[in-house]
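**Q** Letter by letter, the chains look like this.
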Amino acid sequence: MKTTMRDTFLATVLEEMRASPDVVLLSADFGAPAIDAIRAEFPDRFVNVGIAEQNLINLATGFALEGFRVIGYAIAPFITMRCFEQIRVSLAILSQLRPMNVTLVGVGAGFSYDVSGPTHHCIEDLAVMSALPNLSVYSLSDHTQAPLFAKHCLATPGIKYLRFDAKPHEPVCDAGNDGLIERGFRVLNAGRDLAVVSTGYMSHVAFGLLPELRAEGIDPLLIDLVAYNCVDTAALEAELAHVPRTLLLQEAVLDRSIENTLRRMAGGKLEAMGVGDRYIFEIGARDQIHDAAGIGRAQVLDRILQHHAALA
Amino acid sequence: MNARAEFLNPATRAQALADKARWVREQTLAIHRRAPETRVASSLSAVELLTVLYYSGIARITPEEPLHADRDRIIISKGHGSICMYPILADRGYFPLAALETVCKPGSFLGGIPDPIIPGYETINGSLGHGLGVGSGTALALRTKGKAQRTFVLLGDGELNEGAVWEAVMFAAHHQLKNLIAMVDCNGRQMLGYTENVVNLNPLDAKFAAFGWQTHTVEDGHDVAQLLAGFDALLSSDSPKPKVLIANTLKGKGVASLESSPLAHVMGVGRAEIDAILGDGGAQ
Chain A
0 MKTTMRDTFL
10 ATVLEEMRAS
20 PDVVLLSADF
30 GAPAIDAIRA
40 EFPDRFVNVG
50 IAEQNLINLA
60 TGFALEGFRV
70 IGYAIAPFIT
80 MRCFEQIRVS
90 LAILSQLRPM
100 NVTLVGVGAG
110 FSYDVSGPTH
120 HCIEDLAVMS
130 ALPNLSVYSL
140 SDHTQAPLFA
150 KHCLATPGIK
160 YLRFDAKPHE
170 PVCDAGNDGL
180 IERGFRVLNA
190 GRDLAVVSTG
200 YMSHVAFGLL
210 PELRAEGIDP
220 LLIDLVAYNC
230 VDTAALEAEL
240 AHVPRTLLLQ
250 EAVLDRSIEN
260 TLRRMAGGKL
270 EAMGVGDRYI
280 FEIGARDQIH
290 DAAGIGRAQV
300 LDRILQHHAA
310 LA
Chain B
0 MNARAEFLNP
10 ATRAQALADK
20 ARWVREQTLA
30 IHRRAPETRV
40 ASSLSAVELL
50 TVLYYSGIAR
60 ITPEEPLHAD
70 RDRIIISKGH
80 GSICMYPILA
90 DRGYFPLAAL
100 ETVCKPGSFL
110 GGIPDPIIPG
120 YETINGSLGH
130 GLGVGSGTAL
140 ALRTKGKAQR
150 TFVLLGDGEL
160 NEGAVWEAVM
170 FAAHHQLKNL
180 IAMVDCNGRQ
190 MLGYTENVVN
200 LNPLDAKFAA
210 FGWQTHTVED
220 GHDVAQLLAG
230 FDALLSSDSP
240 KPKVLIANTL
250 KGKGVASLES
260 SPLAHVMGVG
270 RAEIDAILGD
280 GGAQ
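So the protein sequences, as listed, match chains A and B. Counting from 0, one number per residue, gives the positions in the first sequence under numbering that gives the first Met the number 0. Counting from 0, one number per residue, gives the positions in the second sequence under numbering that gives the first Met the number 0.
Bear in mind the hints are in silico, worked out from the structure with no lab data behind them. Even glycine gets a Cβ: it sits at the ideal position worked out from N, Cα and C. Only true hints are included.
Quick list of simulated restraints, FRET-style, between CB atoms:
(1) A:A265 - B:E258: 56 to 64 Å
(2) B:L66 - A:K150: 25 to 33 Å
(3) B:F108 - A:D231: 33 to 41 Å
These stretches of chain B come out as covered by chain A in the derived footprint (C-beta under 8 Å, 3 or more residues):
(4) 93 to 106
(5) 138 to 149
Sequences are here, hints too, so could you generate the full structure?
**A** This is the structure in structure tokens:
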């Protein structure tokens, strides 16, 4: 039956709140029928912070520093981009030093608020949130996955962003979610002619095209990618090793980074050096910070020489 | 918690705190002499405020275990301008005094802008406008858990330009976070000039009061007796409101070239001027 991700997610959160006194839910004046049940049962652990996403993130930080497991809940573009600085400073940077468990839930992935226009279309969140160190991005495709990630996120320290569709949907298919938490993706169709890696609502689109593709004699490998910036890359690579070409399909802007552009131009011959996936607290001059970040002068020379040696 | 006797005895308290503040100011200048990268003017305006907070027993601190559950939470939201915290934290026992020699040097944990790698710092600071929101979160979380610890947040007046501060101001009042104490180091200047010429905040106490806060303005934020009286007035209150201590201070207090310049925030102090202020004690 058609159900929203938020309803199955919040039903699980309610169970977790009943089981554990350290789970709190903060909403930026954004509701759902399941929210009504939570705020009635746990008035001390549900806080409507008002239409104030920046403050929501900072409040979530305060609760997390005091040992609460926090879920922040709001409309997707506003809980990611309205308060990006707060997420960066108070969650991504601080969580590298202090243990915190915060899960941000954004409802309204892609164009799911279809008639609401560009302010409510959320197409940049995957790119900007994936850029932050210490933050895991999950783009769910249907409501059967939401309870799994409610439990996973509450049980896993760190900062997470869950991207939810706003509309009720049937499940993508009956493939089930075995191994989804561990690997970060699932296989919707195990063909070998080509691969389509899709995320969120586009996994519905990809799976829905299966009859047309088969009519064309194409049996695709369909991958539903959920762990958007933290997938088990070895497992995904192993799946994709069996297919000659791969199409990425997402209801979001594509990666416009020069790394991605060069990678396409270089056809697999690109070496990229940049800042690692963590913040640098080491104190020193710029050269020393470069060493700590992995882009020091000697490190660059080594990499160039290795790159050159690989040509031989 | 663990305040020394001379800071508790009413007969000696004000003088002992004033003497300690003088030492903190000298140490802050000595740090700046060794590490000119540090923001010194805004670090000098809050010297007495932080000295009173950390030495008088007002804040419950646990230097031997900085994150002990029983500590009051002290969030330094105006992080750039808090180099004076380094001598205070070292002297209170959070880390060895010898570490003050290493500020901004490779391998040190004491940088130009303090971070929670430093024992005694709770949050990330270098970006303005976050501390009161985080502090509202810790205050509400502590109340939710039935804990008595309080949250103190140091803000700059220029920092109040940030809209997120006022989201927290409204939230804290609505939730009657009486365990939240904001402290505004009202030094009157921000990067490009006098605060009243950039975004005028006056009358600041009336603004906080209108938002539902209990306010107390300290006319001379460098007078430890006035600061003590201000904290006492707020902390002895039965009001359910969050509290704000507005301390009128002087940016660059103690350094003539800084005290007189609208651009003090970005100014350093030369070695010769520091040496003249410190006398023989400064040549370290």
